[in-house]
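A.B. asks: Assemble the complex: chain A is given as a structure, and chains B and C must be docked to it using the hints.
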Amino acid sequence: MDPMESIKATFFQECDELLGDMEQSLLALEAGEGDSDTINAVFRAVHSVKGGAGAFGFEKLVGFAHVFETTLDAMRSGTLDVTPDGLKVLLRASDVLNDLVQNAKGQGAVDESRVATLKEELEAMVGGGEADDAPEEDWGFKPITLEIGAAAPTSEWTLRFKLTAKMFANGHEAHLLLNELARLGPNEVCLDASELPDFETIDPEGAYFSWTVKLPAETAEADIRDVFDFVGDESIISLAREGGELEAPAPPASAEIIDVQALIRQAKAATPDASELKLAAEGAKEAATGNKDSGVERAAQAGATIRVDLDRVDNLINLVGELVINQAMLAQSVEDSGITRSPNVVNRLQEFEHLTREIQDCVMAIRAQPVKSVFQRMPRLVREIAASTGKQVRLVTDGEATEVDKTVIERISDPITHMLRNAVDHGLESTEERIAAGKPAEGVVRLAAFHRSGRIVIEVSDDGKGINRKRVKEIAVNKGLIAPEVDLSDDEVDNLIFLPGFSTATVVSNISGRGVGMDVVKRSIQALGGRIAISSIPGKGSTFTMSLPLTLAVLDGMVVMGGDQTFVAPLTAIVETLKPKQGDIRNLGPKGAVIAVRGGYVPLIDVGVALGWRTHAIDPTQGVILLVESEIGGRAALLVDAIQGQRQVVIKSLEANYQKVDAVAAATILGDGRVALILDIDEIIASKLRDVQPARMLEAS
Amino acid sequence: MNEPNAHIQDQEMELVSFRVGEQDFCVDVKCVREIRGWTQATPLPHSPDYVCGVINLRGTVLPIVELATRLGLTSSPPSARSVIIVVQISGRVVGLLVDEVSEILVSSSKAIQPPPDMACFAVKTFINGILSVEDRMISLLILDELLPKLQEEAA
Amino acid sequence: MGLKVLTVDDSRVMREMLLMALTGAGFEVVQAEDGQHGLEVLPGAAPDVIITDINMPRMDGFGFIEGVRRTERYRGTPILVLSTEFDAAKKTRAREAGATGWIVKPFDAEKLVAAVNRVAA
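Chains as they are written, first to last, in numbering that gives the first Met the number 0: chain A, 0 to 700; chain B, 0 to 154; chain C, 0 to 120.
With the rest of the complex left out, here is chain A (with noise of 0.2 angstroms):
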């Protein structure tokens, strides 16, 4: 990548980071948790966003960080107070940051009047018109040049000057200086030794030379006082075109200095120019091609973390799972040759398995992120719900370290997203009905993650009013969900809600909304070998649990054989395997049936029927059931031919080079070398259940 590309990329990574942090550090203001450094971390963010966005020309969001930033400084300086309300306007503004950071980055659009409505606020809190003459000043480091008048003087320059003590402390040296000097034109140099002391009273740090530099006429006065620059004006003794006095320079000379001193500041306000930072940017890609890599390993060794490529990294998963898969296919063929009855075989075999199996696990774990950078966008989201509804709402996030497969992380941010929406639109009541109801008007949700038996479990819980079962089921059976007479459990009530077709919002909400019911939702998170559910106590709020892999690279399933085929069922739809006996089997129609399965009945599903492979189903008795589960129609029984066994399989996609298939989740590479279909469970079971009655899968759930 080019190497300024690729900074920027590491700048927006770096801004999302800070952008992250920010709001992290308002939200404990507003809690009332943090202290003068909180203040402090939130100005550093801004100003590091500020200085990075200069350096790429985004000028937009210069302009907005410097506004933002002068409001933080007056705040850490303790000249302006942190009150509730300055927070709010803080947190709205960090909003904006982000929103502009995003459209830098090509992402989103900004609303230009929301970004001035901010500045405004922003500008307001510290005292209007102060933030107006913001020092954009020092923007640039470029020469300046100044032309003195039009009628400049044709005398020569006569420049004294001398160094302290301190300056040659601070690491200046006057051969530098002269050096310089020398740059802007031929002079003539004098050295005036006269101060110094006798060798014995001599301070062998001390400074007692000065010198007397004669410059070329055209010599702008601008260029010698930037030789200085860093050394200070007050090493210069005086400064005079020839003529002058120097000891005690004319007056007309030191007038001169004054206005100059003003031109020099008006022409550092101008604002840098894009295309001379442009310019500097292709100076720099240019640089950079030199002996790089002395600097990134000197960087490696100053902290106990690398950063590598995440290319690098996804590479070596994707080599670690050829490695898994070759390992398979040899393990096979070893026994196929069968010399497996030496123990030293078997045995190296197993230690080759454990080994690989311990090397995809590291793997794994490198590429695993902290869920906090999904979770980190949320407040703000919270926010602008409750803010369009008019409900008082506070987000309590935790688990935010919870890591997760960096596949998976991609792909929670909607589901996330859409179960909060939902949790404060339609779980939490007005805050009229909150006080009506005793609560307090400020409603929580809680989002939270953490690790379950190999999976990770996000719950989303607020504290409203709870599901309204009593309606939820006459919604169901208004819609022909579920059959009048059907006796449901609470629980079987509740996530009604997941059943295609069903919305509790009278009026679908702009929210909520886009059309976007909880079955879209579930489907989403299903689609991941998720699962979700609902449990709701009334009147006292809701809670979502999903839980999901904690990677989509792996996957344990269950080898089965059915019509000719081999396919892998996920491990975590599978409840339990059986061979059922006759008398278990229940014909219903001309091909339906079902078996009874502890009590109840559950359909029976050929999956090389359903598959397409034959068109009459095996006899169930010759064949093994799964019993699986799907949270859309509960339980089914998979026929299949016969199980091979379980495996750790690597998740191969079919849409890569061709498209999603019916009933089939992924594709895997077995040991023989040949691809085996993943099924798809919940779409398995979903088809098989539109020919049958909604009241019989309740039934039979």
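Since the hints were made in silico from the structure, they are not lab data.
A few of these clues could be false.
[Stated by the list, open to error] To be clear about the criterion: a stretch of chain A counts as covered by chain B if any three or more of its residues have a C-beta under 8 angstroms from a C-beta of chain B, and this derived list gives those stretches: (1) 37-45; (2) 313-322; (3) 610-623; (4) 671-677.
[What the hints assert, rightly or not] In silico DSS-like cross-links for lysine-lysine, where the CA-CA straight-line distance does not exceed 25 angstroms: (5) C:LYS3 / A:LYS118; (6) B:LYS109 / B:LYS123; (7) A:LYS472 / A:LYS539; (8) C:LYS3 / C:LYS110; (9) C:LYS3 / A:LYS165; (10) A:LYS405 / A:LYS469; (11) A:LYS213 / A:LYS161; (12) A:LYS165 / C:LYS89; (13) A:LYS161 / C:LYS90; (14) C:LYS3 / A:LYS161.
[Unchecked claim] Covered by chain A, according to a simulated footprint, are these stretches of chain C (three or more residues, beta-carbon under 8 angstroms): (15) 3-11; (16) 15-27; (17) 48-61; (18) 65-72; (19) 93-102.
For glycine and all other residues, C-beta sits at the position ideal for the given N, C-alpha and C.
C.D. replies: The following block gives chains B and C in isolation, referenced to the frame of chain A:
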């Protein structure tokens, strides 16, 4: 697009020619990733008849299009002589099952004639041009349309 | 050349930009993430020139410069301050702390290299 435009400029093109259902076809060699022998494919449920399934190509799941069926020609079951031409079609890698690979031709793009104006679906959809080599007619294939149209994303 | 430069900045972007500009000019670069860290790596880094940010967590640039100047070996090592803001008061404060010069962000790679060469020659 990867497809050479047969009607504008005169360019030298390298073409891989092969036989399918007693007819000759060719594709631009630039689209061809590799050529490999036939291995048993894993069938995909609910797929069009010309998609014979997927195979493992060094860890990648590769869909196989049975070209004869796709082009509406008489297909014969794959044999040991059958060959899979692995081609790149707009970002996707796909295997084309053909009867045999004939040769690599070098042809001037001028020598490629537009296909006859026929109402036939297969000709209109899949044939970009025709060139005659010695006494044979070889049809230049348009690869883009060989795979089934992407399904609408399920809501 | 082989000059060794220690860069102290809490922003990863700035560190990378400095790294690119400085290594591109043939300098060796050692990085630190804040003032505290800068003082920690200083003995091992043995830099010829130091470039530091001002606004940093844990220890800011002023504290860092003072810390460097307290170390006998680095009393005369040129220190350039890199900051977005530079009013007269800040310049004076940096100078008092012991800074040699300053560079205003966003910086131009060539000017940066020139400034480093200028103080280190």
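A.B. asks: Return the numbers of the hints above that this structure violates; sort them in rising order.
C.D. replies: Result: hints 1, 5, 10, 14 and 18 break, sorted rising.
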